[in-house]
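Engineer: Required output: the full structure, derived from the provided sequences and hints.
Quick mapping for you: the protein sequence lines, in order, are chains A and B. Residue 314 in our numbering sits at position 314 of the first sequence, with consecutive numbering throughout. In short: position in the second sequence from 1, add 1000, done, that's our numbering.
Simulated from the structure, these hints should not be mistaken for laboratory data. All C-beta atoms, glycine included, are put in the ideal place defined by N, C-alpha and C. Hints should not be assumed to be uniformly reliable.
[To be verified] A few chain B residues facing chain A, derived, Cβ under 7 Å: (1) 1044; (2) 1137; (3) 1163; (4) 1167; (5) 1198; (6) 1277; (7) 1279.
[To be verified] From chain A, some residues computed to sit far from chain B (all C-beta separations above 12 Å): (8) 110; (9) 153; (10) 172; (11) 237; (12) 321.
[To be verified] Straight line, CA to CA, 25 Å or less: simulated SDA-like cross-link-like pairs of lysine to any residue: (13) A:257 / B:1259; (14) A:231 / A:214; (15) B:1028 / A:141; (16) A:257 / B:1156; (17) A:257 / B:1133; (18) A:178 / B:1259; (19) A:257 / A:105; (20) A:231 / B:1033; (21) A:257 / B:1028; (22) A:257 / B:1033; (23) A:72 / B:1149; (24) B:1028 / A:129; (25) B:1028 / A:238; (26) A:257 / B:1136; (27) A:257 / A:274; (28) A:72 / A:290; (29) A:178 / B:1045.
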Amino acid sequence: MTNRTTESNTAAQDRTATAGTRWPSRRPRPGHGLLGNQRNRLFWPFVLPALAFYAVLMLAPTVVTVWISLNKWRAQGDPMEFVGARNYVSLYTSDTFRTAFWNTLDILVVCGVAIFVIAFAMTIALREMRGRRAARSMLFFPYLISPVVIAIGLGLVLDPSGILDRGLNAVNLASLAKQWLAPEHIFFTLVVTVIWVSTGFYVLLLMAGVERIPQYFYEDSDLAGANVWQKFRHVTLPLTWDVVTVAAILWVINAFKIFELIVAFSTLGDAPPLQARTLAVEQYYMTVGGRIPVYDMGRGAAVGILTLLLVAVCVVLIRRLMRRERIEF
Amino acid sequence: MRSIERIRSVGRGSINSEAAPLTKGPYKLVAAVMIWIWVAFNALLLIWVAVASVKGSTDIFSQARAFNLPSAPQWGNYVAAWVDSSIGRAFFNTVAVTAASSIIAVLISAPAAYALSRFQTRAASPLTSLFAIGMGIPLQATIIPIFVAYQAVGLINSLVGLSILYIAVQTPLTVFLLTGFFRSLPFELEEAAAIDGASVLRSFGQIMLPLARPGLITALTLNIVFLWNETALVLYLVQDDTRFTLGRSLLNLATVATYTSNWGALFAGCVIVVVPVLLTYILLGRHIVEGMTLGAAK
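Structural biologist: Right, here's the structure in full:
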């Protein structure tokens, strides 16, 4: 772990680096070496407990999952049979998997765009709105509630005898009333729900960024006669660019996690309908989920690895696409 | 200094936008109306669930009485949920698992974050990145070997097994949050302590930890809120309903309610799950907001 090549150091620092110790650092602090030696002896004892949990229960399983995904295996007791990439090929040709794959990407893109557009629109308005902290708290609250409760609570609204359809009937819009949780409409319902639950969180993030922008930037733009859009385009967006990048990465990570909500929306049947399947749901019902689990661990592992790769690719893409010169203010 | 200011500004919010003049224009008005409609919907749904939890089960989805308040609150729904549907047991399971995992995760992450942010070792920077990667690893990529291993060692259906996994899952985020906090503390204090002859352990325990208390509370609160609602891992690892936590138990209750139409108990169960989160949000909301925005506002 203490490999010299793991961190890029200047030649000068390399010369001062003796076995195990390295100081001065990039920003030398006077007097800092006072604790240096004692500190370095304590580095591993301090880091190891956390690292052990993380390495044993997250890093190692990820590596093992790669191996399992190359085997045909029905869990404990069944001998593993190495099949190479066959699990991946089988997923590629499976209609169920394709549906789950495109559903996941649909959620990622459609909900993602909607969430960021709405969150920015709200943030701009909230900046000058009275009672914005109360509003922000209420917008954000659904994000803290268990997705199971969200799904059950929405049942009151979305059930055929719930508030929404009842209300539509009452105002003579019965043609718009739908079985929102039935297979043919569940995906639409899911997309709207995810937008509703998540937007508050991204408003919170963007507001934290916007509140750091000094007021005089906006006063200047007002004097110059800038309209709402121009202020957003030339002040808010460039000065919150870093926050937006992190928020986008968090969205990618969160989007692939959506799982309990879908399971909870379909407590009626054995498993969620094909229309509501995402990669996470697909993996669950391919392995240990459902009334009679299939225990198809090899294919399930392949889904897991594909999910991980998708997250990684999206994060790298976002970092690449959004890289800008950092603006200091 | 910058980072301390940032933490303050996130925590206390508006520092400089108070004097903003309300710009005229239809946009502000339309947006404000939309926001308040959204807020009202959230509040009403919350109230609606609370009202449903004290209604007679047949009234909740009834044609005639769906919009009526109950003539007398049906507290029996709560008894039915707590006792008959084992939400009570699930509640204590959840409290135990959440408390143990959140506390241990902070206990092991605090020294790690301290070492990673303040010690001048070669391994610090790559290890910090390694922990950060953990925040992006989806459970789908780890759960299958864990399921098989837990089966082999008898940790399926075990609250201890679940807690151990929870600690691991929360460690990357906790280390990340605390690293940021320790980094924002002034170096001079430690130097002064060292000059006075305090050992590293002492300076960590008696100077840095107390200073990082707001950060520790933030990390703990976030862990509690996340783990309280965690249901996915329970779906994978717990089949025995005496070991269910709240989310899983509520799913069970929902499935049962579709046959028994015991909707009152189901919504009572929802209230039982939400109230602790609501209280935490009211009491420690500042910490939750701070923790959730800390990474982004960097």
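Engineer: Please verify whether residue 72 (chain A) and residue 1149 (chain B) have alpha carbons no more than 25 Å apart.
Structural biologist: Given pair residue 72 (chain A), residue 1149 (chain B) holds - Cα atoms ~17 Å apart, limit 25 Å.
Engineer: Mind checking the alpha carbons of residue 257 (chain A) and residue 1136 (chain B) for me, to see if they're no more than 25 Å apart?
Structural biologist: This hinted pair holds, its Cα atoms lying about 10 Å apart.
Engineer: For the restraint on residue 1279 (chain B), tell me whether the closest CB of chain A is nearer than 7 Å.
Structural biologist: violated (11 Å)
Engineer: Test the statement that residue 110 (chain A) is away from the interface with chain B: the closest C-beta pair must be farther apart than 12 Å.
Structural biologist: Answer for residue 110 (chain A): holds, closest chain B Cβ roughly 19 Å.
Engineer: Would you check whether residue 1167 (chain B) satisfies its interface hint, that is, whether its CB is within less than 7 Å of any CB in chain A?
Structural biologist: holds (5 Å)
Engineer: Does the alpha-carbon distance linking residue 257 (chain A) and residue 1028 (chain B) stay inside the 25 Å limit?
Structural biologist: Status violated; Cα separation ~34 Å.
Engineer: Can we trust that residue 321 (chain A) is non-interface, i.e. its beta-carbon lies farther than 12 Å from all of chain B?
Structural biologist: holds (17 Å)
Engineer: Would you check whether the claim that residue 172 (chain A) is not at the interface survives, using Cβ distances to chain B and the 12 Å cut-off?
Structural biologist: holds (17 Å)
Engineer: Once the shortest beta carbon distance from residue 1277 (chain B) to chain A is found, is it less than 7 Å?
Structural biologist: Cβ of residue 1277 (chain B) sits 5 Å from chain A, so the hint holds.
Engineer: Should the label of residue 153 (chain A) as a non-interface residue stand, given a Cβ cut-off of 12 Å to chain B?
Structural biologist: violated (5 Å)
Engineer: So if I understand the rule, the pair passes when the alpha-carbon distance is 25 Å or less; does residue 1028 (chain B) with residue 129 (chain A) pass?
Structural biologist: holds (8 Å)
Engineer: Holds or violated: residue 1028 (chain B) with residue 141 (chain A), Cα cutoff 25 Å?
Structural biologist: Measuring from Cα to Cα gives roughly 23 Å; hence the hint holds.
Hints 1, 3, 5, 7, 9, 13, 21 and 22, counting from the list given before, are not met by this structure.
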